[in-house]
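Engineer: Listed in order, the protein sequences are those of chains A and B.
My numbering numbers the first residue of the first sequence as 1 and each following residue consecutively.
My numbering numbers the first residue of the second sequence as 1 and each following residue consecutively.
To be clear, the hints were calculated from the coordinates, so they are not data collected in a lab.
Treat each hint with caution, since some may be false.
[Said to hold, decoys possible] Calculated pairs, DSS-like style, for lysine-lysine (alpha carbon to alpha carbon, straight line, at most 25 Å): (1) K140(B) to K46(B); (2) K77(A) to K46(B); (3) K71(A) to K140(B); (4) K71(A) to K125(A); (5) K126(B) to K143(B); (6) K125(B) to K159(B); (7) K77(B) to K46(B); (8) K143(B) to K37(B); (9) K77(A) to K126(A); (10) K46(B) to K140(A); (11) K101(A) to K151(B); (12) K46(B) to K71(B); (13) K159(B) to K101(A); (14) K159(A) to K101(B); (15) K71(B) to K125(B); (16) K46(B) to K37(A); (17) K101(B) to K151(A); (18) K140(A) to K71(B); (19) K143(A) to K126(A); (20) K71(A) to K46(B).
Protein chains: 2
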Amino acid sequence: MKWVAFLLIAVATAAGVFVLTAPASGQGEAVPIFGIKIPRGYRDWKLVSVAHEEGNLHSLGAVLGNDVAIKAYRDAKLPFPDGAIIAALHYSHIPSEENNKVFGDPQSFVPGPPTNVQFMVKDSKKYATTSGWGYAHFDKDGKPGTEAALKTCAPCHAKASRDSVFTQYAP
Amino acid sequence: MKWVAFLLIAVATAAGVFVLTAPASGQGEAVPIFGIKIPRGYRDWKLVSVAHEEGNLHSLGAVLGNDVAIKAYRDAKLPFPDGAIIAALHYSHIPSEENNKVFGDPQSFVPGPPTNVQFMVKDSKKYATTSGWGYAHFDKDGKPGTEAALKTCAPCHAKASRDSVFTQYAP
Numbered sequence: 001m002k003w004v005a006f007l008l009i010a011v012a013t014a015a016g017v018f019v020l021t022a023p024a025s026g027q028g029e030a031v032p033i034f035g036i037k038i039p040r041g042y043r044d045w046k047l048v049s050v051a052h053e054e055g056n057l058h059s060l061g062a063v064l065g066n067d068v069a070i071k072a073y074r075d076a077k078l079p080f081p082d083g084a085i086i087a088a089l090h091y092s093h094i095p096s097e098e099n100n101k102v103f104g105d106p107q108s109f110v111p112g113p114p115t116n117v118q119f120m121v122k123d124s125k126k127y128a129t130t131s132g133w134g135y136a137h138f139d140k141d142g143k144p145g146t147e148a149a150l151k152t153c154a155p156c157h158a159k160a161s162r163d164s165v166f167t168q169y170a171p
Numbered sequence: 001m002k003w004v005a006f007l008l009i010a011v012a013t014a015a016g017v018f019v020l021t022a023p024a025s026g027q028g029e030a031v032p033i034f035g036i037k038i039p040r041g042y043r044d045w046k047l048v049s050v051a052h053e054e055g056n057l058h059s060l061g062a063v064l065g066n067d068v069a070i071k072a073y074r075d076a077k078l079p080f081p082d083g084a085i086i087a088a089l090h091y092s093h094i095p096s097e098e099n100n101k102v103f104g105d106p107q108s109f110v111p112g113p114p115t116n117v118q119f120m121v122k123d124s125k126k127y128a129t130t131s132g133w134g135y136a137h138f139d140k141d142g143k144p145g146t147e148a149a150l151k152t153c154a155p156c157h158a159k160a161s162r163d164s165v166f167t168q169y170a171p
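Work out the full structure, taking the sequences as your base and the hints as a guide.
Structural biologist: Listed below in structure tokens is the structure:
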């Protein structure tokens, strides 16, 4: 019996790992239109790629994916299957005074304060009118984007050549 | 019995997940001086931060950590404990033609081809003469850095104010 109890605990523990990192029902306020909350545990997701945006953004970002999204990326499988979620974590792009002092050259840029976090959630039925993707934007305090802002996501992403996704997997 | 068999498979599967993502004995050729191989599963590690280097580097990078390193970062615990490994994945910093066409502005930079991957491995006894850290550098083909190059790691990292580590955790 003790052995079975050990197995039960091991299974429960292993299951717990997945529960903690699964998006589940999300947390905080949901965005308008798409009804998406911040997925629980997204900061633990695996890396898809990194991104640097200048223009008016001056942004340094990391793109993470849940297990469904990462598998699709690694299998180069398009379109992304239902359940895939891609997260974009954005920070201001700032020089690193400490690094530059050591390098003797103003060459080093690092993430400053977080600016926003965005999500793409694949659900081909629920989001059929926006190519199967739901979109979410939260500011640094977790406040959802406005309806007007969220309406701009799908038309722009529709111009991306790989199932509305701009970011490619960095090996 | 079937139920027990199911549990056994579940436990074995769960254990397999950890085996795959653990650094274990590494793979490929070891670097000189520090004897470090490429840790198995490092591409699955969690994100520490991202980095952009100009000067002579033109590099866009992601910094990942194994579970020991991530825990230390999140607990803001210094020095890093033995077993912590920090990985720096470097890519060339290139403009994204596709993104820029959509945005109508040459604002978007993404990872180009991988250039190298570097590791810091904490082992306070083994690497006592280099502040407890071993260093590794592998080029895009997995070829280890030279002894001369590896000798430059520790003196430079010693100038970083947080236990020889430049990269700070991005929330």
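Engineer: Next step is simple, just say for each hint if it's right about the structure.
Structural biologist: Okay, the hints, checked on the actual structure:
With a C-alpha separation of about 21 Å, the suggested pair K140(B) and K46(B) falls inside the 25 Å cut-off, and the hint holds. Restraint check for K77(A) and K46(B): the C-alpha separation of about 23 Å stays at or below 25 Å, so the hint holds. Restraint check: the Cα-Cα separation between K71(A) and K140(B) comes to about 23 Å, which is no more than 25 Å; the hinted pair holds. Of the supplied pair hints, the one linking K71(A) and K125(A) holds, its CA atoms being roughly 21 Å apart against a limit of 25 Å.
Restraint check for K126(B) and K143(B): the C-alpha separation of about 23 Å stays at or below 25 Å, so the hint holds. A C-alpha spacing of about 21 Å is found between K125(B) and K159(B), which places the hinted pair at or below 25 Å, so the restraint holds. Simply put, K77(B) and K46(B) have alpha-carbon atoms about 17 Å apart, close enough for the 25 Å limit, and the pair holds. For the hint linking K143(B) to K37(B), the alpha-carbon distance of about 10 Å falls within 25 Å, and the restraint holds.
This hinted pair checks out: K77(A) and K126(A) have alpha carbons roughly 21 Å apart, not beyond 25 Å. As the CA atoms of K46(B) and K140(A) are separated by approximately 21 Å, the hinted pair is consistent with the 25 Å bound. Straight-line distance between C-alpha atoms of K101(A) and K151(B) comes to about 20 Å, which keeps the hinted pair within the 25 Å bound. For a cut-off of 25 Å, the pair hint linking K46(B) to K71(B) stands: about 10 Å separates their Cα positions.
About 10 Å separates the Cα atoms of K159(B) and K101(A), which keeps this hinted pair within 25 Å; it holds. Straight-line distance between C-alpha atoms of K159(A) and K101(B) comes to about 9 Å, which keeps the hinted pair within the 25 Å bound. Under the criterion of a C-alpha separation no larger than 25 Å, the hint pairing K71(B) with K125(B) is consistent with the structure, at around 21 Å. Under the criterion of a C-alpha separation no larger than 25 Å, the hint pairing K46(B) with K37(A) is consistent with the structure, at around 22 Å.
Restraint check for K101(B) and K151(A): satisfied, since their Cα atoms lie roughly 20 Å apart, inside the 25 Å limit. For the given pair, K140(A) sits about 23 Å from K71(B) by alpha-carbon distance, which is consistent with the 25 Å threshold. Proposed proximity of K143(A) and K126(A) is supported: the alpha carbons are some 23 Å apart, at most 25 Å. Taking the CA atoms of K71(A) and K46(B), the gap is near 16 Å; set against the 25 Å cutoff, the hint holds.
Checked against the numbered hints above, the structure violates none of them.
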